[in-house]
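Visitor: In case you want the letters, here they are:
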Amino acid sequence: MKKLLSFLLALALLSGLSVIAFADGESTGGNQTVNAHITGDPSWVLVIPADQTIEFMAEETDIVHHDCSIDNPKHIPADCTINASLTHTGNFTLKTDESKTIPFTLNAFDADVAAGTPVIVSQYWSDTRVNHCYAEFNIVISRDSWKSAEQGGTYTTPVTYTSELVDHIVDPADGGTDRS
Amino acid sequence: MKKRISLLLALALLLSLGSAALAEGTGDSHTYTDPVNDHTSLEQTITTTIPDNKLTWYLEIPSDITINQGGYNGRVSLGNVKITVDSGELSDKQKIEAALTYDGVLTDTDNTDIKINYLLSDKNAEPEYEETAMETGKAYVVGTKTKTAETYNAPDAWVIEDTWDAAESGDYAGTVVYSSKLVETDA
Chain A
4 MKKLLSFLLA LALLSGLSVI AFADGESTGG NQTVNAHITG DPSWVLVIPA
54 DQTIEFMAEE TDIVHHDCSI DNPKHIPADC TINASLTHTG NFTLKTDESK
104 TIPFTLNAFD ADVAAGTPVI VSQYWSDTRV NHCYAEFNIV ISRDSWKSAE
154 QGGTYTTPVT YTSELVDHIV DPADGGTDRS
Chain B
1008 MKKRISLLLA LALLLSLGSA ALAEGTGDSH TYTDPVNDHT SLEQTITTTI
1058 PDNKLTWYLE IPSDITINQG GYNGRVSLGN VKITVDSGEL SDKQKIEAAL
1108 TYDGVLTDTD NTDIKINYLL SDKNAEPEYE ETAMETGKAY VVGTKTKTAE
1158 TYNAPDAWVI EDTWDAAESG DYAGTVVYSS KLVETDA
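Chains as they are written, first to last, in this note's numbering: chain A, 4 to 183; chain B, 1008 to 1194.
One chain only, chain A, in its complex shape (with noise of 0.2 Å):
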């Protein structure tokens, strides 16, 4: 059975390579069709910013400064941007006793933007395959919360990120709305 399908298979091979020879010396042509099937899910990496230090006092601190990427993009529909977003709780917490906090307002785009709204830090446009990533998000901490704070202790504050990809084309600089 083997070796008739062997034979077969030679056989079929022979004959396309026949059809090469009668063309050859003769004024005949064709169209080859070249195809790609790809297949997969969109996929993408967040980064996000590492974890970070403010001095005591400072008043405004950028906590992305352009870390924010979205890398390694596939199968990205067209016209469709990935976001990544970040939220924040507008407390810093003291590590030993979460009652004790320092609040602090988070600036982005020129404008407040409210704990637990999200704000686009980073996007992936697929109609240009290019990556932004915008900086200037500061934490402002009023002279006033500095002095009121509970003194000898270290305090945090999470600020989360994730990202999803929506079907249009968004830039948070005309207020989230379609780019085009």
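Honestly, the hints are just simulated from the structure, not real lab data.
Even for Gly, the Cβ is constructed at its ideal location relative to N, Cα and C.
It is possible that part of the hints are untrue.
Straight-line alpha carbon distances no greater than 20 Å define the calculated PhoX-like cross-link-like pairs of lysine-lysine that follow [claimed, not checked]:
(1) B:Lys1100 <-> B:Lys1061
(2) A:Lys150 <-> B:Lys1188
(3) A:Lys150 <-> B:Lys1130
(4) B:Lys1089 <-> B:Lys1102
(5) A:Lys150 <-> A:Lys103
(6) B:Lys1061 <-> B:Lys1188
(7) B:Lys1102 <-> B:Lys1154
(8) B:Lys1061 <-> A:Lys103
(9) B:Lys1145 <-> A:Lys98
(10) B:Lys1130 <-> B:Lys1089
(11) B:Lys1145 <-> B:Lys1130
(12) B:Lys1154 <-> B:Lys1100
Reference excerpt, derived from the structure (chain A facing chain B, CB under 8 Å, subset only) [said to hold, decoys possible]:
(13) Asp54
(14) Gln55
(15) Glu62
(16) Asp65
(17) Ile66
(18) Val133
(19) Ala138
(20) Ile142
(21) Ser166
(22) Leu168
Chain B: place on chain A using the hints.
Guide: Relative to the frame of chain A, chain B by itself:
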């Protein structure tokens, strides 16, 4: 063959570790492969530390002044700075110093190419002589606050008579820069 594959896999792993090391300065990462259902979030931690003795202060600087004609006789005091501690307390070994620097140049406000020189003189020096004027570009302490005392010393600003007479008519302006810092002492 298996060994070769293992070797290649190990090499690939090393290469991927190498690229992770290159991403210094960045935080966590996550690969999204299911955009519809994957809602993974990553967390960046922002930390700040409040010192045990939370000392803060502010520095009040004097308002703008205008120098008069007349050489040293036309001198005008810059006015005193004021250091105020608004949280915490200075220890016996700490003091806050306020200092000024100046470049000694007044520039015509209508033509920045035209400049004249001016001087700052410490009231405690011999101010009549140009040689005793405060050196430009050098920081001079004009205020000190300790736990128990504070002293301030406002220099005088003046223009040498000959410079004044030779200058073109116009309005001239210059800048005195003030700063303050905490100084730890051995006392």
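Visitor: Each hint should be assessed against the structure and marked as holding or not.
Guide: Now the hints, each set against the structure:
At roughly 15 Å between alpha-carbon atoms, Lys1100 of chain B and Lys1061 of chain B fall within 20 Å of each other, so this suggested pair holds. Taking the CA atoms of Lys150 of chain A and Lys1188 of chain B, the gap is about 18 Å. The hint holds against a cut of 20 Å. For the proposed pair Lys150 of chain A and Lys1130 of chain B, the alpha carbon gap of about 37 Å is over 20 Å, so the pair is violated. A threshold of 20 Å between alpha carbons decides the hint, and for Lys1089 of chain B with Lys1102 of chain B the separation of about 14 Å falls inside it, so the pair holds.
For the hint pairing Lys150 of chain A with Lys103 of chain A, the CA-to-CA distance comes to about 13 Å; that is within 20 Å, so the pair holds. Distance hint between Lys1061 of chain B and Lys1188 of chain B is fulfilled; the C-alpha atoms sit about 15 Å from each other, no more than 20 Å. Taking the CA atoms of Lys1102 of chain B and Lys1154 of chain B, the gap is about 7 Å. The hint holds against a cut of 20 Å. Pair hint Lys1061 of chain B plus Lys103 of chain A holds up; C-alpha atoms about 16 Å apart against a cutoff of 20 Å.
Taking the CA atoms of Lys1145 of chain B and Lys98 of chain A, the gap is near 44 Å; set against the 20 Å cutoff, the hint is violated. Between Lys1130 of chain B and Lys1089 of chain B, the direct Cα distance comes to roughly 18 Å. Compliance with the 20 Å bound is thereby established for this hinted pair. The hinted pair formed by Lys1145 of chain B and Lys1130 of chain B meets the criterion: a straight-line CA distance of about 17 Å does not exceed 20 Å. Restraint check for Lys1154 of chain B and Lys1100 of chain B: the C-alpha separation of about 9 Å stays at or below 20 Å, so the hint holds.
At about 5 Å, the closest approach between the beta carbon of Asp54 of chain A and any beta carbon in chain B falls short of 8 Å, and the interface hint on this residue holds. Interface restraint check for Gln55 of chain A: the shortest CB-CB distance to chain B comes to about 5 Å, inside 8 Å, so the restraint holds. The interface hint given for Glu62 of chain A is violated, since its Cβ lies 12 Å from the closest Cβ of chain B, which is over the 8 Å cut-off. With a cut of 8 Å, the hint placing Asp65 of chain A at the interface with chain B is violated, because the nearest CB-to-CB distance is about 11 Å.
The closest approach between the C-beta of Ile66 of chain A and any C-beta of chain B is roughly 6 Å, which is under the 8 Å cut-off, so the hint is satisfied. Taking 8 Å as the C-beta cut-off, the interface hint given for Val133 of chain A is violated, the closest approach to chain B being about 19 Å. With a cut of 8 Å, the hint placing Ala138 of chain A at the interface with chain B is violated, because the nearest CB-to-CB distance is about 14 Å. Checking Ile142 of chain A against chain B: minimum C-beta separation of about 7 Å stays under 8 Å; hint holds.
Taking 8 Å as the C-beta contact cut-off toward chain B, the hint placing Ser166 of chain A at the interface holds, the least distance being around 6 Å. Checking Leu168 of chain A against chain B by beta carbon gives a least distance of about 4 Å; that is within 8 Å, so the hint holds.
Checked against the numbered hints given earlier, this structure breaks hints 3, 9, 15, 16, 18 and 19; the rest are met.
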